[in-house]
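Modelling step: build the complete structure from the supplied sequences, incorporating the hints.
Position one of the sequence shown corresponds to residue 1 (the numbering used here), numbered consecutively onward.
Hints are computed from structural coordinates only; laboratory data are not their basis. Check the hints yourself; a few may be wrong.
[Claimed, not checked] Quick list of simulated restraints, FRET-style, between CB atoms:
hint : residue 1 : residue 2 : range
1    : 68        : 180       : 32 to 38 angstroms
2    : 124       : 55        : 39 to 45 angstroms
3    : 143       : 222       : 18 to 24 angstroms
4    : 70        : 203       : 20 to 26 angstroms
5    : 129       : 176       : 28 to 34 angstroms
6    : 184       : 92        : 23 to 29 angstroms
7    : 61        : 173       : 14 to 20 angstroms
8    : 201       : 61        : 25 to 31 angstroms
9    : 123       : 226       : 36 to 42 angstroms
10   : 83        : 237       : 21 to 27 angstroms
11   : 239       : 68        : 17 to 23 angstroms
12   : 182       : 239       : 21 to 27 angstroms
A virtual CB, placed ideally from N, CA and C, is assigned to each residue, including glycine.
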Amino acid sequence: MALLLRSATFLLPLASAIALLVAACGGSKPDAKPTQVLSIVTRSPTTPGPQDLTGFALPLAGGCLPSGDQLMPGASREYRQGTHEGIDFYDSDNCTPIGIGTEVLAAKAGKVIRADWNYSPLTQAELDEMEKQTPSEGQTDEDALDTYRGRQVWIDHGNGVVTRYAHLSRIADGIDVGVSVRQAELIAYVGNSGTPESLTDPNAEMHLHFELRVGDGYLAKGMAAPEVRSLYEKAFGLK
Numbered sequence: 001m002a003l004l005l006r007s008a009t010f011l012l013p014l015a016s017a018i019a020l021l022v023a024a025c026g027g028s029k030p031d032a033k034p035t036q037v038l039s040i041v042t043r044s045p046t047t048p049g050p051q052d053l054t055g056f057a058l059p060l061a062g063g064c065l066p067s068g069d070q071l072m073p074g075a076s077r078e079y080r081q082g083t084h085e086g087i088d089f090y091d092s093d094n095c096t097p098i099g100i101g102t103e104v105l106a107a108k109a110g111k112v113i114r115a116d117w118n119y120s121p122l123t124q125a126e127l128d129e130m131e132k133q134t135p136s137e138g139q140t141d142e143d144a145l146d147t148y149r150g151r152q153v154w155i156d157h158g159n160g161v162v163t164r165y166a167h168l169s170r171i172a173d174g175i176d177v178g179v180s181v182r183q184a185e186l187i188a189y190v191g192n193s194g195t196p197e198s199l200t201d202p203n204a205e206m207h208l209h210f211e212l213r214v215g216d217g218y219l220a221k222g223m224a225a226p227e228v229r230s231l232y233e234k235a236f237g238l239k
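Below, the structure written as structure tokens:
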């Protein structure tokens, strides 16, 4: 899968963003084409205020954070020798039914900076190559991680904060790069694109992988599980 990045600039220190959020909250946070083009606007160096890291809505109507820490950011992913960078919303550990076609909603108002209408499904050859590459390099590189995320939508919320919605089955009509969206607006539908199971068991692994990106990292990167959960509860207004 070819991935072309046109001017992606994230100049925000993650630690500064988390420090601001902690201080503010009083705590210790089917259309296949051969090439996908990712267009990201260049932004100036900025530091998010507390309001930039709070006020999010869960991306599934009636959903909740999973109870298992293995589905939260920072969990180990031994099969690819890496770390989970987002939240996995599965039917088996949530407050609402989740399956193929479940509606995915914008977590906050913003502008769409990626919409994979030109998504090419994962092939067995790609999967074999990534599975061979990970042990030889001791990690999964960024291109492979992007492939594993499958069809995606990214929304820029300003000041270096971006949300990513991954493993989508399809994108909602009218959602494309440059479009402004409202909080809770329909943007896509749950699927399993990019997962190995999309090849071996097409009806398995239906879930939403959601990332809250701050600069070039993700919210709560490097923190222990209780701190991670606390920051995401604050981001979604759950505490």
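Structure-based check of all given hints:
Take residue 68 and residue 180: their Cβ atoms lie about 35 angstroms apart, and the range 32 to 38 angstroms holds. Hint check: residue 124 to residue 55, Cβ distance near 42 angstroms, so the stated range 39 to 45 angstroms holds. For residue 143 and residue 222, the hinted distance range of 18 to 24 angstroms is satisfied, since their beta carbons lie about 23 angstroms from each other. Between residue 70 and residue 203, the C-beta spacing of about 22 angstroms keeps the proposed range 20 to 26 angstroms intact.
For the pair residue 129 and residue 176, the supplied restraint of 28 to 34 angstroms holds, since their beta-carbon distance comes to about 30 angstroms. Checked against the hint of 23 to 29 angstroms, the pair residue 184 and residue 92 passes, with Cβ atoms roughly 24 angstroms apart. Separated by about 18 angstroms at the C-beta atoms, residue 61 and residue 173 satisfy the suggested range of 14 to 20 angstroms. A hinted range of 25 to 31 angstroms for the beta carbons of residue 201 and residue 61 is consistent with their spacing of about 27 angstroms.
Take residue 123 and residue 226: their Cβ atoms lie about 40 angstroms apart, and the range 36 to 42 angstroms holds. For residue 83 paired with residue 237, a C-beta distance near 26 angstroms keeps the hint of 21 to 27 angstroms intact. A hinted range of 17 to 23 angstroms holds for the C-beta pair residue 239 and residue 68, which are about 18 angstroms apart. A hinted range of 21 to 27 angstroms for the beta carbons of residue 182 and residue 239 is consistent with their spacing of about 25 angstroms.
Checked against the numbered hints above, the structure breaks none of them.
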